[in-house]
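Residue numbers for the sequence shown follow our numbering, beginning at 138 and rising by one.
Don't read these hints as lab results, they were simulated from the structure.
Just to be clear, a hint being listed does not mean it is correct.
List time: in silico SDA-like cross-link candidates among lysine to any residue, alpha-carbon distance up to 25 Å [to be verified]:
id	residue 1	residue 2
1	Lys216	Asn171
2	Lys223	Leu145
3	Lys287	Gly297
4	Lys321	Asn264
5	Lys195	Pro240
6	Lys216	Gln144
7	Lys305	Glu239
8	Lys321	Thr159
9	Lys287	Pro234
10	Lys195	Phe232
11	Lys195	Ile320
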Amino acid sequence: MNDVTTQLTATNWDDLYFYGLTKSPLSEVGLNQNMVQALIGMVGATASVSTGALINPKYMFNQKGTTPWVVMYALVTMKQPELLDKVFNGAAAAFVPNQAIEPIFIDHINWPSDMLANYDIELEGFNVFILPFMVPNTSRYNLTLSQSMKAPDGSLEIFGVGKFDENKPEDVLASIQDALVFIKMHRQDVWG
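Make the full structure from the sequences, and use the hints.
Structure below.
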(Lines of atoms letter the chains of each structure in order from A and count residues from 1; the text may use other names and numbers.)
(Lines give C-alpha, C1' and ligand atoms only; values in the text may rest on other atoms or scores of the structure.)
Protein backbone atom coordinates (compact mmCIF):
# COMPACT_ATOMS: atom_id res chain seq x y z
CA MET A 1 0.00 0.00 0.00
CA ASN A 2 1.09 3.57 -0.53
CA ASP A 3 1.69 5.79 2.44
CA VAL A 4 -1.31 7.88 3.36
CA THR A 5 -0.73 11.53 2.58
CA THR A 6 -4.10 12.84 3.73
CA GLN A 7 -5.45 13.14 7.23
CA LEU A 8 -7.11 9.92 8.38
CA THR A 9 -10.61 10.11 9.80
CA ALA A 10 -12.95 7.54 11.29
CA THR A 11 -14.50 7.12 7.83
CA ASN A 12 -11.25 5.60 6.55
CA TRP A 13 -12.02 2.43 8.54
CA ASP A 14 -14.46 -0.46 8.30
CA ASP A 15 -15.98 -1.28 11.68
CA LEU A 16 -16.13 -5.06 12.05
CA TYR A 17 -17.07 -7.39 14.88
CA PHE A 18 -17.09 -11.01 15.87
CA TYR A 19 -20.12 -12.25 17.78
CA GLY A 20 -20.47 -15.21 20.06
CA LEU A 21 -21.32 -16.70 23.44
CA THR A 22 -19.67 -17.43 26.74
CA LYS A 23 -20.92 -18.88 30.02
CA SER A 24 -18.56 -16.61 31.96
CA PRO A 25 -19.03 -12.95 32.84
CA LEU A 26 -17.74 -10.92 29.89
CA SER A 27 -15.23 -9.03 32.02
CA GLU A 28 -13.58 -12.33 32.96
CA VAL A 29 -13.05 -13.56 29.40
CA GLY A 30 -11.28 -10.66 27.70
CA LEU A 31 -8.81 -11.71 25.05
CA ASN A 32 -5.18 -10.66 24.67
CA GLN A 33 -3.65 -9.09 21.57
CA ASN A 34 -2.29 -12.36 20.14
CA MET A 35 -5.67 -14.06 20.45
CA VAL A 36 -7.48 -11.17 18.77
CA GLN A 37 -4.91 -10.91 15.97
CA ALA A 38 -5.28 -14.64 15.31
CA LEU A 39 -9.06 -14.22 14.98
CA ILE A 40 -8.70 -11.21 12.72
CA GLY A 41 -6.26 -13.17 10.57
CA MET A 42 -8.95 -15.82 10.06
CA VAL A 43 -11.04 -13.30 8.11
CA GLY A 44 -8.05 -12.35 5.97
CA ALA A 45 -7.26 -8.97 7.52
CA THR A 46 -3.80 -8.14 8.76
CA ALA A 47 -3.70 -4.46 9.69
CA SER A 48 -6.26 -3.59 12.36
CA VAL A 49 -7.15 -1.62 15.44
CA SER A 50 -8.61 -4.01 17.98
CA THR A 51 -9.37 -4.73 21.60
CA GLY A 52 -9.90 -7.93 23.53
CA ALA A 53 -12.88 -6.47 25.40
CA LEU A 54 -16.06 -8.47 24.93
CA ILE A 55 -19.13 -6.22 24.86
CA ASN A 56 -22.75 -7.12 25.43
CA PRO A 57 -24.50 -5.86 22.26
CA LYS A 58 -27.20 -4.24 24.42
CA TYR A 59 -24.48 -1.92 25.74
CA MET A 60 -22.61 -1.20 22.51
CA PHE A 61 -23.72 2.44 22.57
CA ASN A 62 -22.50 4.27 25.65
CA GLN A 63 -24.42 7.04 27.42
CA LYS A 64 -23.42 9.52 24.72
CA GLY A 65 -24.33 7.16 21.88
CA THR A 66 -20.70 6.44 21.06
CA THR A 67 -19.70 3.01 19.76
CA PRO A 68 -16.60 1.00 20.71
CA TRP A 69 -15.18 1.62 17.22
CA VAL A 70 -15.29 5.38 17.70
CA VAL A 71 -13.69 5.03 21.14
CA MET A 72 -10.88 2.82 19.78
CA TYR A 73 -10.25 5.26 16.93
CA ALA A 74 -10.23 8.25 19.30
CA LEU A 75 -7.90 6.59 21.80
CA VAL A 76 -5.33 5.59 19.19
CA THR A 77 -5.61 8.99 17.49
CA MET A 78 -4.96 10.81 20.77
CA LYS A 79 -2.27 8.53 22.18
CA GLN A 80 -0.40 7.26 19.10
CA PRO A 81 -1.46 9.00 15.87
CA GLU A 82 1.65 7.75 14.04
CA LEU A 83 0.59 4.17 14.83
CA LEU A 84 -2.78 4.80 13.18
CA ASP A 85 -0.97 5.79 9.98
CA LYS A 86 1.16 2.63 10.13
CA VAL A 87 -1.93 0.47 10.63
CA PHE A 88 -3.69 2.14 7.72
CA ASN A 89 -0.67 1.53 5.52
CA GLY A 90 -0.63 -2.16 6.46
CA ALA A 91 2.59 -1.98 8.47
CA ALA A 92 1.20 -2.52 11.98
CA ALA A 93 -1.67 -3.54 14.22
CA ALA A 94 -2.88 -1.51 17.19
CA PHE A 95 -4.41 -3.01 20.32
CA VAL A 96 -6.50 -0.94 22.72
CA PRO A 97 -6.30 -2.43 26.22
CA ASN A 98 -9.46 -4.13 27.42
CA GLN A 99 -9.58 -1.96 30.54
CA ALA A 100 -9.81 1.16 28.34
CA ILE A 101 -12.97 -0.14 26.64
CA GLU A 102 -14.84 -2.39 29.10
CA PRO A 103 -15.91 0.26 31.66
CA ILE A 104 -17.39 2.47 28.94
CA PHE A 105 -19.73 -0.22 27.57
CA ILE A 106 -20.88 -2.12 30.62
CA ASP A 107 -24.27 -1.09 31.94
CA HIS A 108 -26.09 1.51 29.87
CA ILE A 109 -28.65 0.65 27.20
CA ASN A 110 -28.83 3.41 24.60
CA TRP A 111 -30.81 1.52 21.96
CA PRO A 112 -34.36 2.72 21.31
CA SER A 113 -36.40 0.34 23.48
CA ASP A 114 -38.77 -0.57 20.65
CA MET A 115 -35.83 -1.48 18.39
CA LEU A 116 -34.13 -3.62 21.02
CA ALA A 117 -37.44 -5.33 21.80
CA ASN A 118 -37.68 -6.53 18.17
CA TYR A 119 -34.70 -8.87 18.62
CA ASP A 120 -34.20 -11.86 20.88
CA ILE A 121 -30.50 -11.76 21.69
CA GLU A 122 -30.63 -13.69 24.96
CA LEU A 123 -29.75 -17.33 25.52
CA GLU A 124 -30.32 -18.71 28.99
CA GLY A 125 -27.09 -19.58 30.76
CA PHE A 126 -24.92 -17.62 28.32
CA ASN A 127 -23.62 -14.11 27.81
CA VAL A 128 -23.82 -12.87 24.24
CA PHE A 129 -20.98 -10.62 23.07
CA ILE A 130 -19.44 -8.69 20.25
CA LEU A 131 -15.69 -8.26 19.84
CA PRO A 132 -15.15 -5.03 17.86
CA PHE A 133 -12.21 -4.28 15.58
CA MET A 134 -11.42 -1.89 12.74
CA VAL A 135 -9.57 -2.39 9.48
CA PRO A 136 -8.57 0.16 6.83
CA ASN A 137 -11.44 0.58 4.38
CA THR A 138 -9.04 -0.42 1.61
CA SER A 139 -8.57 -3.86 3.21
CA ARG A 140 -9.69 -7.15 1.76
CA TYR A 141 -11.40 -9.49 4.18
CA ASN A 142 -13.94 -12.30 4.25
CA LEU A 143 -16.97 -12.03 6.53
CA THR A 144 -17.92 -15.69 6.12
CA LEU A 145 -16.88 -18.25 8.70
CA SER A 146 -17.14 -21.84 7.50
CA GLN A 147 -17.74 -22.98 11.08
CA SER A 148 -17.81 -21.54 14.56
CA MET A 149 -14.56 -21.03 16.43
CA LYS A 150 -14.28 -22.32 19.98
CA ALA A 151 -11.56 -21.22 22.39
CA PRO A 152 -9.27 -24.14 23.29
CA ASP A 153 -10.23 -23.75 26.95
CA GLY A 154 -13.94 -23.68 26.06
CA SER A 155 -14.40 -20.22 27.55
CA LEU A 156 -16.16 -18.82 24.48
CA GLU A 157 -17.39 -19.65 21.01
CA ILE A 158 -17.54 -17.26 18.07
CA PHE A 159 -20.38 -17.85 15.62
CA GLY A 160 -19.90 -15.11 13.08
CA VAL A 161 -18.36 -11.87 11.94
CA GLY A 162 -20.08 -8.79 10.58
CA LYS A 163 -19.62 -5.23 9.43
CA PHE A 164 -21.18 -2.52 11.57
CA ASP A 165 -23.23 0.03 9.63
CA GLU A 166 -23.97 3.13 11.69
CA ASN A 167 -27.04 3.73 9.48
CA LYS A 168 -28.41 0.25 10.27
CA PRO A 169 -27.07 -0.64 13.72
CA GLU A 170 -29.89 -3.11 14.23
CA ASP A 171 -28.14 -5.42 11.75
CA VAL A 172 -25.85 -6.39 14.65
CA LEU A 173 -28.89 -7.52 16.64
CA ALA A 174 -30.34 -9.36 13.63
CA SER A 175 -27.08 -11.27 13.05
CA ILE A 176 -26.93 -12.34 16.68
CA GLN A 177 -30.60 -13.32 16.72
CA ASP A 178 -30.11 -15.44 13.58
CA ALA A 179 -27.12 -17.20 15.16
CA LEU A 180 -29.09 -17.92 18.34
CA VAL A 181 -32.00 -19.37 16.34
CA PHE A 182 -29.52 -21.65 14.56
CA ILE A 183 -27.93 -22.68 17.86
CA LYS A 184 -31.31 -23.53 19.41
CA MET A 185 -32.31 -25.61 16.38
CA HIS A 186 -29.04 -27.30 15.40
CA ARG A 187 -26.44 -27.06 18.15
CA GLN A 188 -27.58 -29.24 21.00
CA ASP A 189 -23.94 -29.42 22.12
CA VAL A 190 -24.20 -25.72 23.01
CA TRP A 191 -27.83 -25.28 23.93
CA GLY A 192 -29.00 -28.67 25.09
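Against the structure, the hints come out as follows:
1. Between Lys216 and Asn171, the direct Cα distance comes to roughly 21 Å. Compliance with the 25 Å bound is thereby established for this hinted pair.
2. A distance of roughly 11 Å separates the Cα atoms of Lys223 and Leu145; the hinted pair therefore holds under the 25 Å criterion.
3. For a cut-off of 25 Å, the pair hint linking Lys287 to Gly297 stands: about 11 Å separates their Cα positions.
4. For the hint pairing Lys321 with Asn264, the CA-to-CA distance comes to about 15 Å; that is within 25 Å, so the pair holds.
5. A distance of roughly 14 Å separates the Cα atoms of Lys195 and Pro240; the hinted pair therefore holds under the 25 Å criterion.
6. For the hint pairing Lys216 with Gln144, the CA-to-CA distance comes to about 16 Å; that is within 25 Å, so the pair holds.
7. A distance of roughly 23 Å separates the Cα atoms of Lys305 and Glu239; the hinted pair therefore holds under the 25 Å criterion.
8. At roughly 15 Å between alpha-carbon atoms, Lys321 and Thr159 fall within 25 Å of each other, so this suggested pair holds.
9. The straight-line distance between the Cα atoms of Lys287 and Pro234 is roughly 22 Å, inside the 25 Å bound, and the hint therefore holds.
10. Between Lys195 and Phe232 the CA atoms are separated by roughly 23 Å; this keeps the pair inside 25 Å, and the hint holds.
11. At most 25 Å may separate the alpha-carbon atoms for a hinted pair to count; Lys195 and Ile320 meet this at roughly 20 Å.
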